[in-house]
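Given chain A, work out where chain B should sit, using these hints.
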Amino acid sequence: MEPLKTQTTPFGDSHEFHDIFASLYPRLVSYARRYGATYPEDIAQEAFVILMQRDSPVEHPTAYLYGTVRTLSLTERRPLKNQSISLEAVVEPGKGPDADEDLLSQEVRERMKALSPTFRETLWLFVVEDLSIRQISEILDIPEATVKTRIHRAKAHLRNQLNSSGGLHVLA
Amino acid sequence: MSWHDPARSLEPESETALRNELRGLLGMPKTPETTYFETEPTPELIHLADELRREARRRNVTARKKSSWMLLAAALPFALALGGMGVWGVGQKHKADQLALTVAHEEAELQRMAAALQQPQAAPAAAKPLAVQAPSGKGRPAQTLLVGKGAPRNKAKELVIPVERSKESNPNATQSVKSN
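Sequence order for the protein chains is A and B.
For the first sequence, the working numbering assigns the number 1 to the initial residue and increments by one for each residue that follows.
For the second sequence, the working numbering assigns the number 173 to the initial residue and increments by one for each residue that follows.
Each hint should be verified, as a subset may be incorrect.
[As the list claims (entries may be wrong)] Here are the simulated distance ranges between beta carbons:
| hint | chain 1 | residue 1 | chain 2 | residue 2 | range |
| --- | --- | --- | --- | --- | --- |
| 1 | A | H152 | B | E212 | 30 to 38 Å |
| 2 | A | T38 | B | E216 | 18 to 26 Å |
| 3 | B | E193 | A | D13 | 32 to 40 Å |
| 4 | A | A156 | B | L254 | 53 to 61 Å |
| 5 | B | S186 | A | A114 | 19 to 27 Å |
In short, the hints are calculated from the structure, not lab data.
No residue lacks a Cβ here, since even glycine has one placed at the ideal position from N, Cα and C.
So here's chain B without its partners, still in its complex pose:
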């Protein structure tokens, strides 16, 4: 690290001119013969500079190492907790996967059993229509309840009731005539 500042030495002329102008406005000499703070290095200052350098070196040796150890020690519980959480999470995921597999298996088994139960019932039903004799009413012909023949399997069974038109006259169709 160099103490010589490139920003100061590479200062553009416009900045120098601006500084001189401001010096003029403030009533200061435009080009100072001596810097305000120009000081010769006295033995006290030299001693102080060396002391500060020693202090910086001491801090570099001690403080840096201590801080890295402290940082490591502080980070250890967090790292352990994070690791533990990770292991627990993996275990939980494994359990959940197994459970999901068992459920899927059981579901498949149930479906298979339901299909097996439906198979023998569906075969005779499709073979002949189911005829049910409905109880005959007063003066009404016997009605036959027909279970839908050849209905698609997936459709619900329909009960078809044949209706005969009534032979009696409709009371609304008659016209009443007033007698004298």
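Looking at chain A on its own, in the form it has when it is part of the complex:
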């Protein structure tokens, strides 16, 4: 099959598309894995196809891809769990922790684990995935103010955690 290298697409130049695909695809696979998807690669690929299928442009493609991956992962798990998944199970699914192992150190993972799943999810997207508050609000389908509140509460939790364990001295 002939590669579409010289072709200009609605998504820009082919080179640009390849670069962005190469940077986003592994992130989306990892994100799907965090939600316990059985076939995270399929979900990430499906998200790209859904985005490219659209006639109308999307304001934030990255957020759209993340949101689609999240929805598809949760939908994939639904019949397995009889439609009752706790958020804890979603964020810490069977394969989930493996996804973090090669990304974050043991210390960071421990601190993340101490947070509630809601805060952890928001914090992960903000700090690890390096997404903006606006993008996170689109992915989670919540107002930007809620994202900010969650981030600030997560910060307060982390501070308390460090103060109680004397971690602040270690950091200093």
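Only chain B this time, still in chain A's reference frame:
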């Protein structure tokens, strides 16, 4: 559609500072030298990206058209049923209007006939009072029953019986006296 996200590039400094602070709290380097997921586009990834783009295009060509036809086919029976109901409704309304017109016409005719029947009876009645001789009782003068003269037409006819006061003494008006 641009892949470059304006939300990320236009991020305010406060957000960047907050992210750095959180990185510090988590024990991560504040400014990452390399992104965790930074990957060079390998031939496999390029091939996969092109495959996905082809798949999206294929779906756009096939799935969209099919779905519009399916939608049209599904909507057709509903549209027909709705149209049929509309035609039937208009017919029913026309029938009801005609029926109402006939009833109103008949009613008007009946009223006209009733008025025509009342007209000759009312004229002599108004001309002279009807005198009826009532049967005379024992020791009572003959009484004359008078049908109300000049009573309004719409009012019911009244029967007026003239009453004469009794000349006999009222038994309650007498006083009994005990004899010795």
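We went through each hint and held it up to the structure:
Separation of H152/A from E212/B is about 37 Å and conforms to the stated range, judged on CB atoms against 30 to 38 Å. The supplied range of 18 to 26 Å is met by T38/A and E216/B, whose beta-carbon atoms lie about 22 Å from each other. For the hinted restraint 32 to 40 Å between E193/B and D13/A, the CB-CB distance of approximately 37 Å keeps it satisfied. Between A156/A and L254/B the beta carbon distance is about 59 Å. The supplied range of 53 to 61 Å therefore holds.
Checked against the hint of 19 to 27 Å, the pair S186/B and A114/A passes, with Cβ atoms roughly 25 Å apart.
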